[in-house]
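The chain contents come next:
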Amino acid sequence: MQQSWSQAKAAFAAVAVPPVLWLLLFFLIPLGVIWAYTFGENVGPVTIDFTGTFANYARALEPLYLGIFWKSLVVAGLTTLLCLIVGFPVALAIAFATPRTKAWLLLLIMLPFWTNLLIRTFALIAVLREQGYVNFALEWLWNNASGFMALVGLQPLGAYEPLTLLYNNTAVVIGLVYVHLPFMVLPLYAALDRMDRSLMEASLDLGAGHLRTIWAVVVPLAAPGIASGVLITFIPALGAYLTPDLLGGTDSQMIANVIERQFKRANDWPFGAALSFLLMYLTFIAIAAQAFVQRKAERRG
Amino acid sequence: MTEVSPVHTQADNPASPVKAKAIISFEGVTKRFGKTIAVDNVTLQVQEGEFFALLGPSGCGKTTLLRMLAGFEAPSEGRILIDGKDIAALPPNKRPVNMVFQSYAVFPHMKVSDNVAYGLKMDGVAGDEIKTRVEEALDLVKLDGYGARMPDQLSGGQRQRVALARALVKRPRVLLLDEPLSALDAKLRDQMRSELTSLQEKVGITFMMVTHDQDEALAIATRCAVMNRGVLTQVATPADLYEFPNSRFVADFVGSVNMFEGVLEKDEQNEAQVRCPELSAPVYLDHGVTGARGATVWVALRPEKIEMHKRTGEAPKMEDAPPGMNVVGGVIRDIVYLGSETNFEIELEGGRRVKTFRSNLTRYDQEDFTWDEPVWLAWHACSPAVLLS
Chain Z
54 MQQSWSQAKA AFAAVAVPPV LWLLLFFLIP LGVIWAYTFG ENVGPVTIDF TGTFANYARA
114 LEPLYLGIFW KSLVVAGLTT LLCLIVGFPV ALAIAFATPR TKAWLLLLIM LPFWTNLLIR
174 TFALIAVLRE QGYVNFALEW LWNNASGFMA LVGLQPLGAY EPLTLLYNNT AVVIGLVYVH
234 LPFMVLPLYA ALDRMDRSLM EASLDLGAGH LRTIWAVVVP LAAPGIASGV LITFIPALGA
294 YLTPDLLGGT DSQMIANVIE RQFKRANDWP FGAALSFLLM YLTFIAIAAQ AFVQRKAERR
354 G
Chain P
67 MTEVSPVHTQ ADNPASPVKA KAIISFEGVT KRFGKTIAVD NVTLQVQEGE FFALLGPSGC
127 GKTTLLRMLA GFEAPSEGRI LIDGKDIAAL PPNKRPVNMV FQSYAVFPHM KVSDNVAYGL
187 KMDGVAGDEI KTRVEEALDL VKLDGYGARM PDQLSGGQRQ RVALARALVK RPRVLLLDEP
247 LSALDAKLRD QMRSELTSLQ EKVGITFMMV THDQDEALAI ATRCAVMNRG VLTQVATPAD
307 LYEFPNSRFV ADFVGSVNMF EGVLEKDEQN EAQVRCPELS APVYLDHGVT GARGATVWVA
367 LRPEKIEMHK RTGEAPKMED APPGMNVVGG VIRDIVYLGS ETNFEIELEG GRRVKTFRSN
427 LTRYDQEDFT WDEPVWLAWH ACSPAVLLS
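Going down the list, the sequences are from chains Z and P. Mind the numbering: the first sequence is residues 54 to 354 in our numbering, read in order. Mind the numbering: the second sequence is residues 67 to 455 in our numbering, read in order.
Hints were generated in silico from the structure; no laboratory data involved. Treat the hints with caution; some may be incorrect.
Restricting the straight-line Cα-Cα distance to at most 25 angstroms, the calculated cross-link-like pairs of lysine-lysine (DSS-like) are [said to hold, decoys possible]: (1) P:Lys-268 - P:Lys-208; (2) Z:Lys-349 - P:Lys-177; (3) P:Lys-197 - P:Lys-177; (4) P:Lys-187 - P:Lys-160; (5) P:Lys-101 - Z:Lys-155; (6) Z:Lys-124 - Z:Lys-349.
Over the 10 angstroms line for every Cβ pair with chain Z, so calculated as not near, a few chain P residues [what the hints assert, rightly or not]: (7) Gln-113; (8) Arg-199; (9) Ala-361.
Even for Gly, the Cβ is constructed at its ideal location relative to N, Cα and C.
Just chain P, same shape as in the assembly:
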């Protein structure tokens, strides 16, 4: 709803696959459990071939939305269509979607190959074909040769592969993944991330994933929907979500951010200005904001978009902002060295603390700044996102 910049819109982002046809559409879907509204009037379309992520904190309704698609919950209101057909009347076992459960739900009393063959048997596929397809599926998830094992002889990561093979072997229209990486340890998670991406490219099936982990969503998905308290807050590509959040919730939930409340003092076609009580200088923007003058707005500034300079003499001048704007003074209060980068916490003159990151470009970078050192913080006119809600 809130378009931050008329220049950078989602539509002209080349990564945005909006030209394909909708495979899933939610039309005004609401789900109530007693008095609580889990999903609130969600309208959303997922395109053929996308790797779509539903992102949000726990309890935001993302899993409920996925379970409604799988058929484990029925919407209280609205329609869900797959390939243009309303699937309300179809029970879970008749829907052209398959799910990889968070706990994997691999049947513990069946061999790996029987687990993978289960869905094909239910469909009445012939024995010979089952055998070849099970082998293909195990091959696909790199579990060839594991068919005769029992699930308790497998690691967590291998069990997840069984769950993937078991769902993919049925060649669903959409593969649903419920928090696919949450139960894996950090190393395995990184590996699975890229494997999921390449798997999706290989099989060409639309994937829809639920996750509370924004890193995961940004890394894997081609498009994300952010949900909060049952409401769809923003649907965008990962880059748009991060750089052009449409609300304080999205800006804060996706990535790290410094948020300042302020008043919109100037809003024109090509420039705008916000005065924030916590910042000693006005925030200057090189684009309009489409808000009412005098309205309360929020300036969201990502830590990596803040430059830090030593405070020797005059304040640095940002060439894309009028003098005295987009530059504030402060003192370094905290330094966290993380190897590839260093995180700083700077106390501004008013007492507000601001986060910024610095890549350690040389092996001596971390020695540049020290505790209690006065610094200038500066940012470009195109860096802050101005949020109206």
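Looking at chain Z on its own, in the form it has when it is part of the complex:
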């Protein structure tokens, strides 16, 4: 058995060449083409001249589009924060569950992946719309409260006004949190699960309560896991397209929706490409930040 690929170049090549070719042909080259478009100009309905212009980038940095970038960052950031706040206790609970329960809980976390995102999003619409289950439940509570007040001789409440939960920014954030929660929970769980339990016990033993222990010991030691969770939640949330498209209102556009419009309805590929690459640069910055946190944590051992 060869231990190092350098001694079995043929075997290594047989395994490595197909995926490398695949990536080159269907990912890197098209990406390069799109990158070239960012310096091009529309000269006809389907013709693009590569003129080396920076006009597309200049336009992408206009306040209108910067505003949408900023908004996408805020929405993605808020989504990530909410996922972290909801996901951390969930991950902690899974990590501390008995092995049997743990397997079931992990299955539940991954269950949504078995369904298409589109179907899940439509299901969410059924839950959140004015004739949806949230409003039904609230209406039932409202009517019962009203009936109770009438019973004890108080002025009954007026007719129930259904809440508008859809087609606004709140709906987009709710949808994004719902979709991205597993991405946050899994890396957090992985980090918490491999943490030495005796460190937490030592903290308790030395007089810290549970919350102090989580704050002073668990969170700092789970920092690399938190950083990966934040990253793999933030990046897809930043580029989210379907959720803002289906759940958002007219003012809930995120950058992916604008990019889509450039490529399709506006038929302005160079500008769409420039917006896409700006988004990618942002993503790279996020990855670099995560790598920095990781390295700092590793240096600590």
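Go by the hints and put chain P onto chain Z.
Relative to the frame of chain Z, chain P by itself:
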């Protein structure tokens, strides 16, 4: 339960510190995990100032007992008292005990001084006092000047000292040590043994240690409890544990032993006699055994208590036993030279093999005996321990 000898009891051993007051008491403590019983009805008292060892093979429940004391597990039945007060309602962070974990559990993201200060901060001790006490504690474990280091810059032994300082700085009523020496290499382990002893003398705190290593327990502890399958088998000083084991389990677990099954043929006030099928001569004892005549008993004979003589002519006579007793013949089958001593394995006439040690008193001792040499093995009437269970 089984008192081997009415003459040598645990109570009149001067090393046995039974006069002090109980600091910890376990009263009928049982711990079940599902269907398995980890700790089975343990009643035990640890006295103020003792260095107490819980000794037993892995899975015997000793660590569970320690963790119940620290508050990480709750007893299924029974009570645990510290200074006479039931601590069931106290969470781990409110108990007057501190623990040194097997993995040390030094916080990797904190400096050494912050690790040691952690417990004091939790107690709301003032900043100035924290500083002095942390320095004192690091001094105590010989880590002065290491405060600014991160744990990954320390060796395993130094990390353990941090864990010790971190626990001792809180001045607990009892310091708990979970397998404190198991992760250290042999040289360091010997050094830490004596350091732990002197540390305990210096701080005057009661130490309670869990170990599976009988050498460690005998060397460090003032008193040991041997556990087997959740049950407390024997609680005694190290010497009593070794010389007066109360069961086959203890005799076998603590030290090396030759065990022979036999029948009690005679049991009187001042003498007893056991016939073992594997031994060609009866075993004579200079004390009573308090067993029923005809009962099955086990004779436990420590290797170093067996004398070995060259087999020239008549069998040697042991002056404290009737003629023909406590002497058997055999042939040397294996010799392991260990420098300070030599271990021999002797095959008896019936085929049973027996271990014996001989100190190499002179530089030529090891040349005395050789393979396949016929020898006599003999022992004194007070040497064997007779075990009823």
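Results of checking the hints against the structure:
1. P:Lys-268 - P:Lys-208: holds (13 angstroms)
2. Z:Lys-349 - P:Lys-177: Distance of about 15 angstroms is within 25 angstroms: holds.
3. P:Lys-197 - P:Lys-177: The given pair, whose Cα atoms are some 14 angstroms apart, holds under the 25 angstroms limit.
4. P:Lys-187 - P:Lys-160: holds (14 angstroms)
5. P:Lys-101 - Z:Lys-155: Roughly 21 angstroms between the alpha carbons, so the hint for Lys-101 (chain P) and Lys-155 (chain Z) holds.
6. Z:Lys-124 - Z:Lys-349: violated (30 angstroms)
7. Gln-113: holds (23 angstroms)
8. Arg-199: Holds, because the least Cβ-Cβ distance between Arg-199 (chain P) and chain Z comes to about 13 angstroms, which exceeds 10 angstroms.
9. Ala-361: At about 47 angstroms from chain Z, Ala-361 (chain P) clears the 10 angstroms cut-off, so the statement holds.
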